[in-house]
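Q: These protein sequence lines are chains A and B, in that order.
The opening residue of the first sequence carries number 62 in my numbering; numbering runs sequentially from there.
The opening residue of the second sequence carries number 5 in my numbering; numbering runs sequentially from there.
Honestly, the hints are just simulated from the structure, not real lab data.
There could be a bad hint or two in this list.
[Said to hold, decoys possible] Per label pair, the in silico range of CB-to-CB distance:
1) A:344 - B:60: 40 to 48 Å
2) A:206 - B:329: 54 to 62 Å
3) B:43 - A:312: 53 to 61 Å
4) B:263 - A:111: 35 to 43 Å
5) B:237 - A:205: 50 to 58 Å
6) B:129 - A:302: 25 to 33 Å
7) A:151 - B:90: 53 to 61 Å
8) A:96 - B:329: 48 to 56 Å
9) A:340 - B:60: 44 to 52 Å
10) B:47 - A:266: 36 to 44 Å
11) B:62 - A:130: 37 to 45 Å
[Claimed, not checked] DMTMM-like cross-link-like pairs, simulated, lysine to aspartate or glutamate; straight-line CA separation at most 20 Å:
12) B:316 - A:116
13) B:276 - A:116
14) B:316 - A:289
15) A:112 - A:97
[Stated by the list, open to error] Among the chain A residues that face chain B by a calculated CB cut under 10 Å, a handful are:
16) 115
17) 118
18) 122
19) 184
20) 289
21) 290
22) 309
23) 313
24) 317
25) 321
Ideal Cβ positions, reconstructed from N, Cα and C, are used throughout, including at glycine.
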Amino acid sequence: MSDRMPERLAVRKTYKLFIGGAFPRSESGRSYVVTDAKGRFTANASQASRKDARDAVAATRKAFPGWSGRTPYNRGQILYRIAEMLEGRRDQFVGELRRAGASKGDAADEVDAAVDRWVWYAGWADKLAAVTGAANPVSGPYFNFSAPEPTGVVAVLAPDSPLLGLVSVVAPVIVSGNTCVVVASEPAPLPSITLAEVLATSDLPGGVVNVLTGRRAEIAPWLASHMDVNALDLTGAAAEDVRALESDAAGNLKRVFRGAETGWTADPGTARMTAFLETKTVWHPMGV
Amino acid sequence: MSTTIRFVRTARFGDAGEVSTETLNGAAELRAFLRGLPGVDRVGAEERAARLASRSIKTTAKAEAIDLAISMVDLTTLEGADTPGKVRALCAKAARPDPSDGTVPKVAAVCVYSDLVDVAVRALAGTGIGVASVATSFPSGRAPLEAKLADTRAAVAAGAAEIDMVIDRGAFLAGDLGKVFDEITAVKEACGTAHLKVILETGELATLDNVRRASWLAMRAGADFIKTSTGKVSPAATLPVTLVMLEAVRDYRAATGRQVGVKPAGGIRTTKDAVRYLVLVNETAGPDWLTPEWFRLGASSLLNDLLMQRRKLSTGVYSGPDYFTLD
């Protein structure tokens with residue numbers, strides 16, 4: 062009896078939300094069961110309520126001035142840091158994706174692609190202004206510049222591709238200085254919370270990315286109608302909900318973007334970055 | 005010092021209070037009375053406040069609480085950088101907090117420094133909103149009595165309906181209760197018909213026992229309102245402190261028949277906080293105090309949150325700070 066070690070109890074992770082740099086449970090106290098590809102129990106995920114969405118928007122708004130005020134170069138460094146942290150947790154993410162049903166090879170490929178996607182967008186941080194801005198020719202003694210500025214608080218409905226899809230919708234939003242509330246994939250929310258652990262340890266200021274897990278159909282209308290949200294990415298919205306969400310979003314003239322949800326491995330192009338930019342044009346007297 | 009108040013023993017007040025039916029006079033009696041007040045059970049007060057704070061107020065009750073809270077707000081600007089323009093903007097907001105919605109009640113009063121009272125009085129003429137002025141070298145209260153009285157008289161002459169004075173915390177903590185008492189009575193006299201709110205600055209009084217003593221001291225000296233804080237010291241208003249003060253006004257009315265108002269001020273920023281205070285008032289002092297005449301919330305940023313919550317209830321969508329005035 063004393064010569065046998067007692068069997069060790071497994072320490073299992075509680076999957077919570079990610080709001081303002083912290084990991085709170087849902088205000089409602091609810092959770093829902095996440096299953097693997099074969100329908101077996103994997104874990105309980107927090108089921109966010111509209112009040113969690115409200116709190117997340119408040120945290121996102123609070124983070125906006127600081128994040129958008131950083132130099133693009135610094136934002137690029139931080140995005141690259143996220144890629145480094147993700148690379149360091151490669152095995153953990155492969156394991157999570159395999160539990161969600163991916164084969165060993167597919168899971169490894171997806172994590173590699175996600176890391177590369179962060180690096181790709183990190184490189185764009187200090188090049189966006191040169192590509193989307195301009196020195197406009199005007200007939201007068203003035204310089205005339207157009208410069209891109211972030212739209213503000215963006216609500217993102219992430220697609221069901223649990224890691225690569227998520228990274229592909231979040232990175233282009235924050236690279237230009239926006240801050241975002243992300244509603245994670247409903248059937249596969251767990252990699253999003255593990256990704257939040259990566260974000261929390263990457264010098265990304267708290268509140269720049271906030272992750273909610275739960276029922277999309279429950280949370281999305283509150284975000285779409287929220288008067289303090291400036292833009293809406295409907296990538297992960299169900300086709301039948303799009304019309305109502307667009308109509309809600311019109312309440313304060315949000316920018317609405319709905320990209321295709323296919324082919325995450327393809328070259329993403331700049332569409333997702335430019336969708337959440339405003340253009341500021343200034344006139345400046347020339348000469349003395 | 006000249007006060008003659010009859011005290012009767014009240015069942016609610018407990019045995020520890022040495023409350024006499026004799027008519028008593030003098031500084032020695034005041035000290036003996038205040039020292040004889042029953043001590044406050046700090047843990048019990050905090051627990052009671054926390055328990056009441058967990059009440060859930062929803063739907064129609066919440067809508068009513070929001071309107072009541074708006075009508076109790078003393079909209080305050082007490083910055084060194086206050087300008088006549090800023091005060092006029094604040095007065096416009098006080099009269100019609102939400103320009104797009106006429107059903108929003110107006111606030112109780114506008115609270116400014118004494119030199120800006122005339123600006124506020126002109127801006128609020130005809131609205132029925134009173135002007136409150138801080139006085140007696142707010143916020144520290146460190147000035148000769150003559151300067152404090154001159155400050156008060158100037159504010160009253162300019163048209164202030166309410167005076168928010170600060171007590172001399174240094175004298176109070178040093179045990180010179182007679183000095184504090186005499187100052188309050190002198191300021192009360194200088195107020196004339198204006199209401200006198202006495203700021204205890206509970207954040208500097210260290211213990212809840214002191215809060216209870218200072219509350220009784222202020223009420224006996226003639227305060228019409230007792231107010232927690234200046235808003236310049238942290239911690240400002242807290243629920244346990246307000247609980248103790250509400251108990252004091254309740255017991256004081258039971259003993260003397262005179263009702264005194266309470267005003268927590270500073271650090272109340274959200275609708276949730278405001279509703280918690282309303283619950284505390286209802287459960288401690290009773291519904292008699294649940295009107296703007298007897299209970300006020302000293303705040304500035306709170307009003308925007310109340311308006312945002314109100315708009316959420318009326319439109320069904322979350323609002324944002326972009327749609328309300330900055331102040």
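Q: Hints first: check each against the structure and report whether it holds.
A: Quick rundown of the hints versus the structure:
| no. | hint | result |
| --- | --- | --- |
| 1 | A:344 - B:60: 40 to 48 Å | violated (55 Å) |
| 2 | A:206 - B:329: 54 to 62 Å | violated (32 Å) |
| 3 | B:43 - A:312: 53 to 61 Å | holds (55 Å) |
| 4 | B:263 - A:111: 35 to 43 Å | holds (42 Å) |
| 5 | B:237 - A:205: 50 to 58 Å | holds (52 Å) |
| 6 | B:129 - A:302: 25 to 33 Å | violated (53 Å) |
| 7 | A:151 - B:90: 53 to 61 Å | holds (56 Å) |
| 8 | A:96 - B:329: 48 to 56 Å | holds (50 Å) |
| 9 | A:340 - B:60: 44 to 52 Å | holds (47 Å) |
| 10 | B:47 - A:266: 36 to 44 Å | holds (38 Å) |
| 11 | B:62 - A:130: 37 to 45 Å | holds (39 Å) |
| 12 | B:316 - A:116 | holds (14 Å) |
| 13 | B:276 - A:116 | holds (14 Å) |
| 14 | B:316 - A:289 | holds (12 Å) |
| 15 | A:112 - A:97 | violated (28 Å) |
| 16 | 115 | holds (6 Å) |
| 17 | 118 | holds (7 Å) |
| 18 | 122 | holds (8 Å) |
| 19 | 184 | violated (33 Å) |
| 20 | 289 | holds (3 Å) |
| 21 | 290 | holds (8 Å) |
| 22 | 309 | holds (8 Å) |
| 23 | 313 | holds (8 Å) |
| 24 | 317 | violated (16 Å) |
| 25 | 321 | violated (29 Å) |
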